[in-house]
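J.: Here the protein sequences line up with chains A and B, keeping their order. According to the working numbering, the residues represented by the first sequence are 1 to 316, in order. According to the working numbering, the residues represented by the second sequence are 1001 to 1660, in order.
Check each hint, because a few of them may be wrong.
Computed Cβ-Cβ distance ranges for the label pairs, DEER-style [claimed, not checked]: (1) B:LEU1575 to A:ALA65: 30 to 36 Å; (2) A:HIS288 to B:GLY1064: 24 to 30 Å; (3) B:PRO1170 to A:SER224: 43 to 49 Å; (4) B:GLY1331 to A:VAL35: 31 to 37 Å; (5) B:LEU1209 to A:ASP10: 54 to 60 Å.
Covered, in the sense of this in silico footprint (three residues per stretch, anywhere, with C-beta under 8 Å from a C-beta of chain A), are these stretches of chain B [unchecked claim]: (6) 1527-1534; (7) 1592-1604.
Keep in mind the hints are simulated off the structure, nothing from the lab. Don't be surprised by glycine CBs; every beta carbon is placed ideally from N, CA and C.
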Amino acid sequence: MTSVLQSVLDPAGPQAAHISWLWWLMFWVTTAVFVIVFALVLAAMWRGGRARPSADEAADRPLAAAVSFGVALTVVILFGLLGATMWTHRAVLALGAESAVTVNVTGHQFWWEFEYDAAVPSQRVTTANELHIPVGRPVVLKVTSRDVIHSFWVPNLHGKRDLVPGITSAIWLQADRPAVYRGQCAEFCGRQHAHMAFEVVAEPDARFERWLDAQRQLARAPQSAAETHGRDLFLTTQCVLCHTVRGTPAAGKVGPDLTHVGTRGKIASATLQTRPDDVAKWIRDPQHVKPGSQMPPTPLSDADVQALSDYLVNLK
Amino acid sequence: MRKRDQRPQDPGHELPPALEDPKELEETWADDPGLWGWLCSVDHKAIGRRYLGTAMVMFLLAGGLAALMRLQLSRPENPFMGPDLYNQLFSTHGTTMMFLFAVPVMQGLGVYFVPLMVGARAIAFPRMVAYSYWMYLGGCIFLYTSLFLNTGPDVGWFSYPPLSEQLFNPTKRPDVWAQMITWTEVASLAVAVSIITTAFKLRAPGMALNRIPIFVWAQVVTSFMVVFAMPAVMMASTALILDRLVATHFFDVDRGGDALLFQHLFWFFGHPEVYIIFIPGTGIVSTIITTFSRRPMFGYLPVVLSLVSTAFIGFGLWVHHMFATGVPQLGASFFTAASIIIAVPTGIQFFCWIATMWSGKVEVKAPMLWMIGFFWVFMMGGLTGTMLAAVPLNIQVHDTFFVVAHFHYVLIGGAVFPLFAAFYYWYPKIVGRMLSERAAAWGFGLFFVGFNTTFFPMHILGLHGMPRRIYTYLPETGWGTLNLVASSGALLMTAGVIIVLANAWRARHAGALAGDNPWNAPTLEWATASPPAHSNFIHPPTVGSAYPIWQDRPDQAVVVGLRSDVRDVLVTHLLDTEPDHRSVFPEPSIWPLLTAISTSLMFIGSIFTAWAVVYGSVPIFISMVGWFWPKSPDEGGTQPWPATERTLPLPNEAPEGAMP
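Next comes chain A alone, as it looks inside the complex (with noise of 0.2 Å):
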């Protein structure tokens, strides 16, 4: 699927198409009142620069009226404004929720985790970082954060908004063209606020519907015997503290869920690629690869973290 280049200029939603049109009629408004003043004020100078100063009112007179029409100019087109701002702000929050999909987004230093809701709580299904939606049906997010303010930002599909914690808001969008959108934290979470991102991956409905049914099955068994051991690494050392992958006795809930970590395109929340060599990278030395984040160093020898990235590339 094509990836594209995040920007609010080019709305791949109706949020984003209505805020893009506001936008470009704001762009233009403003630009034209920037000239004419500008213009107005190097005229100004270069009629002062020549004309004698008037300082009695009469001659003041004709100024006075100048300057009121301006000002009343200004008002005119400030309450135009207002009133486009008003209509921009209702049609954003008019998506319907019907046939919506409803997804908890919670943040986490310096992550996302994804739950998406279902009356059957066996059928609920959690996963990071790497969010699918269906494409033209609306999107319920109902955000939060277990630790610091977050904020969840696809520019191509919506505005921001703020996960913060104790607080639960719902925010809906919906992606229009089947595509995968960057998203990223905007909001000051701590030393790895700049590597906090995500990827929104829209697809056709069928296609959606599939891969959340993939998701909610337990996680793959080995099949061979490199895959075997990483397996069993990722048993018996620190990883099962804090992750958890379904169908194994791993069940952490410190860090992300594990269960299909194959299936995602990118690990760390989207900083590098589910490879087997960007796997063991992150898995060897995260502090390297993003000082500060909440994931140790962890201290195995390079065939052991070798098994233990075949075993997680192959949860597909």
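Mind docking chain B on chain A? Use the hints.
T.: Chain B only, in chain A's frame:
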């Protein structure tokens, strides 16, 4: 010993001569020589110069930090520095620029010029002003010492909890931030009170409310904003440090605290802060445009009312910094409307400045060059401000480089460009020498081009999704090129600043002598020597118009009857400036410095233990007792203004145009 009680006491005698003894007067108002005298000074000109000098050092230091940040961001995944250092740099940069540069430099201008512009011999509460400077200096030293000890604030200039709470930041860095706020707020509150009192009670006879220079109005309005806004941030920072020090749970979500409460308190101060910085800037603009247009300000009344209404509305739009937290639509609409409406008073000022130049005779000297820059830069920042007022756009560009661009356009445009203009405008008054016009043009050109090269691309970076406060970014984001452009602009800005400083350094001794009034300006600070006499005015003026040097009669009366053997100051009525009484102002004293040191020690100690507040109050108490110990019957005394010594004519012979 100075001669006392040697002047005639006979109440029935003729009006005293205009001046009894200029030499004695200057001796009375001068600081004692040497280091001791320097430390004891309560002269508002000395303190104002120190404020301006220290603020300039802070500007250069924080600018240096910004240059390091630009170096780091000039290319993706730059290994130059890690997040730990970068976070300290951007937090200290923002904290310095807001608290230790922008507010103090404006207040320093006020401390130096408000007494001169209203024709007073001194600033009100001179020892408190001295204390405020030492407190400010203490805050500066404390912050930068901490930074060099690797304990600089690292949670942003806003220090939002929970990130700044003990749980997520067990270092002393957020404490440094919170206490530094307290220091500087004590300093700025003290100055605000002094400036308000000076402008209200020490104005020259005849300077009715409608004759107060616009710069003084701007200082008064700003000071009132300081009085109402600063306590909010002190509350926020004190609650934060209490959370950290004695576990009070103000902002601790798990114990019933509220993380958003801090943001409300902070921005209730934080938004007015922008106007606290910008309103004195507009005061400078009005002053300089008036002088170089050679005519009275067009629309004096609307401009003054604009300043006042900006101050009022400025308190009603703080929530637009929090739209992304999810404000309900009705509430958000109110704050959107308020944020858009505040553009109206600023628009009025813009049109009045244009009208003043249009109908005046404009002379483009160095200060006017910076005015052109001001119009360009500030207007662009103001217009992107209307975009940020709109909730839908705000939630897209909030906390991105678009906002970084926006507020640098507003603050550098609204404050730094006017300050550079003020530097060229008032340097001859403070130093007594003229700056080179040629070097000024180069400095302006480099800074202006550099500024736009640095900050304009940031708008686009923000729209392309680059968040603020990131120490690096991945190559695939596509942000590399524009960041490199922005970083290269920083070099030009630096060159511009160096030229301005070199110009000032050279002109200290080599510049042409300025004389009293090199610009032919209309306000009273130009009615005395450059640099001004110790007593400001050998003959304290009275005024008969809003532009005394341009419009007053040559034989305009001066104030007589003030003693020259003590620091005698005339106090006048608020509205009509009728003489009220004479007040003997305090002599220089070491106690403000000692009090500032003991207060600072308590603040430093309280970062480590709550008990420091208890122990630390003892030295503060002792130094306060020393400060207020009565030293002579003259000091601090007030005497009624005897009717026989009226300088001003009685009401029936009030000067032309004075308010009845």
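J.: A separate judgement is required for each hint: does it hold in the structure or not?
T.: Now the hints, each set against the structure:
The beta-carbon spacing between LEU1575 of chain B and ALA65 of chain A, approximately 32 Å, falls within the hinted interval of 30 to 36 Å. For HIS288 of chain A and GLY1064 of chain B, the Cβ-Cβ distance of about 29 Å falls inside the hinted range of 24 to 30 Å, so the restraint holds. Range check, PRO1170 of chain B to SER224 of chain A: Cβ separation about 44 Å, and the 43 to 49 Å hint holds. At roughly 35 Å, the beta-carbon separation of GLY1331 of chain B and VAL35 of chain A lies within the given 31 to 37 Å, and the hint holds.
For the pair LEU1209 of chain B and ASP10 of chain A, the supplied restraint of 54 to 60 Å holds, since their beta-carbon distance comes to about 55 Å. Check result for the stretch 1527-1534 of chain B against chain A: violated, 0 residues qualifying (beta carbon to beta carbon below 8 Å, three or more required). For the stretch 1592-1604 of chain B, the proposed coverage by chain A is not satisfied: 0 residues have a C-beta within less than 8 Å of a C-beta in that chain, short of the threshold of three.
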